[in-house]
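Chemist: Sequence:
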Amino acid sequence: MSSLAAGPGRIRPFGVLAAVALLGLGTPRGLAAQGVRGWARTTARYVQLRPLALDTIPPDQVTVDDGGFALFEGQPVACRRGLYCTRYRMAPVDHVVHGTQDVSFTAWGLGVQGLSGTVFLRGRADVAGDFTWPRSDDPLDAILAYAQLARGPLRVRVGRQEARSGLGFASFDGGNVRWAALDELRLEAYGGRSLARGLREPRDEALQGLQRFVPDQNAYLVGGAVEGEPVPGTAVTARYQREIWADRSALISERASLGFRSATLSPLVADGSAAYDFAFGRVGKAHLSVRYPVSAWSLQMEGTLRRYVPYFELHTIWGFFDPVAYHEAELRSSWWPGSSLGLWASGARRWYEDTHTTDRFGEFAPLEGTAWRASAGARWTPLSGWTLDGQYRLEWANGAFLSSGDLSVTWTPTDRLRLSATGTALQQFEEYRLGESTALGVGGTGRLQLTDLVRLDAGASLYRQVGEGRLFEAEEDWSQVRAWSAVRVEFGRDPGMDR
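Quick note on numbering: this note's numbering labels position 177 of the sequence shown as 177, and the sequence is numbered without any gaps.
Note that these hints are calculated values from the structure, not bench results. Heads up, the beta-carbon is just placed ideally off N, CA and C, and yes, glycines get one too. Check before you lean on any hint, since a few could be wrong.
For each label pair, taking beta carbons as the anchor points, the in silico distance ranges come out as [what the hints assert, rightly or not]:
no., residue 1, residue 2, range
1, Leu419, Phe320, 44 to 52 Å
2, Arg488, Pro58, 55 to 63 Å
3, Gln34, Met90, 55 to 63 Å
4, Thr357, Arg488, 50 to 58 Å
5, Gln101, Leu258, 37 to 45 Å
6, Leu331, Pro92, 47 to 55 Å
7, Thr381, Gln101, 30 to 38 Å
8, Ala345, Leu419, 24 to 32 Å
9, Asp322, Arg197, 14 to 22 Å
10, Gly281, Arg197, 16 to 24 Å
11, Gly281, Gln113, 43 to 51 Å
Can you make the complete structure from the sequences, with help from the hints?
Modeler: Encoded structure:
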């Protein structure tokens, strides 16, 4: 954690301290925060991987089956005429131990009424192992670091923050103003330097490898939202968001969303949302769900309609491929025949839009445009402190099949201790072929509340591939181990508990 050299635009320890120093604006000199509440979590993860390595095979050792496929010891190989053949084989096992340190807190009582500050820091490092954990070269991030001023109906935030909505999680360095104009109406506006999605890093760093293709990597985000309650029990939110390169050479994205949740016709509850992409002129993600409880039968029914189109920012090449949308209808029911038993089941059918592709040679069958999925599960509490959970999932579509089941047993002898044992089995990982084999997994987790402020969590699991018909040698061991542990320490008190 010593290599904290600051890259261009990256928030490092000095930058974080500078952001936190914003809390002192307008605060009398020498006045410390009167209240702090937060938590710190230290996590360690162990991962064992069985990587593949490309191996060359002399052509004279390769056979050809009746279907014209090249094989070596029963495994498929790829051959270049007159040169050599290649196959994938199991490489030596890789191990890694990775650690993260999270610290999050909110401070208030800074000498100005309604002023507070929130900080969420994450440090990471590779402790040991054969390969590099993703992003381990970035030892410290400020996920959140903002000052907030709340006065009556007005709330202002300045610093690193995020906007969570139906358009995703947008992180930015800038400002946010929220005004509760009426009890039934709230307005919000925000904007600042856009951070790369999933990384919370300035785009001039996240796109370093693409500098020659991007004229100006810094970008800005602006957005706004209107929230209202047009009728009692119904909440509606409309949002607009736009990202553009700093030199205004091109858009990154321009989208809007509309969402609602209604219990006006209680006990019927409905919610829905839709996102519109102005660049492509189409609706992207959308859903409509309706839930209705049948109290006399201890039953709840839920129906959902979905539309999904993958979203890509305009500077990426992926949007060029123009992925088609799918529409899905799902029905789910939950039943509680008794206080100790709950059952649920669901089924869905998916329709894909026309791909607008043609087979000029007439040798291929048309792509299948439908998919199905079904699942069922149960939870049973036979004795006080004991809980059994089980579920099964089945999904099949064009070129993809998944059959999997999970079972867990949880024992909670006291409020401070919880132990669980889990088992899982699955056949075929979606599009990735595993022949006729099955992957089995067993594991366990535990949670111990040492004190009111200190909690310990840990878990481990083992995955093993079994069965016949695999694409790789049967005698090779493809088992993999995962393990993790975490210690969480809370500090400070909830100001509401002091009253």
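Chemist: Against this structure, judge whether each hint is valid.
Modeler: Okay, the hints, checked on the actual structure:
At about 51 Å, the beta-carbon gap between Leu419 and Phe320 stays in the expected band of 44 to 52 Å. Roughly 56 Å separates the CB atoms of Arg488 and Pro58, a value that falls within the hinted 55 to 63 Å. The given range of 55 to 63 Å is respected by Gln34 and Met90, whose C-beta atoms sit roughly 60 Å from each other. Range check, Thr357 to Arg488: Cβ separation about 51 Å, and the 50 to 58 Å hint holds.
Here the CB-CB span from Gln101 to Leu258 is close to 40 Å, well matched to the stated 37 to 45 Å. Checked against the given bound of 47 to 55 Å, the beta carbons of Leu331 and Pro92, roughly 48 Å apart, stay inside it. Taken as a hint, the range 30 to 38 Å holds for the pair Thr381 and Gln101, whose Cβ atoms sit roughly 37 Å apart. In this structure, Ala345 and Leu419 meet the distance hint of 24 to 32 Å, their C-beta atoms being roughly 29 Å apart.
Take Asp322 and Arg197: their Cβ atoms lie about 21 Å apart, and the range 14 to 22 Å holds. Taking the beta carbon of each, Gly281 and Arg197 are about 22 Å apart, inside 16 to 24 Å as hinted. Take Gly281 and Gln113: their Cβ atoms lie about 48 Å apart, and the range 43 to 51 Å holds.
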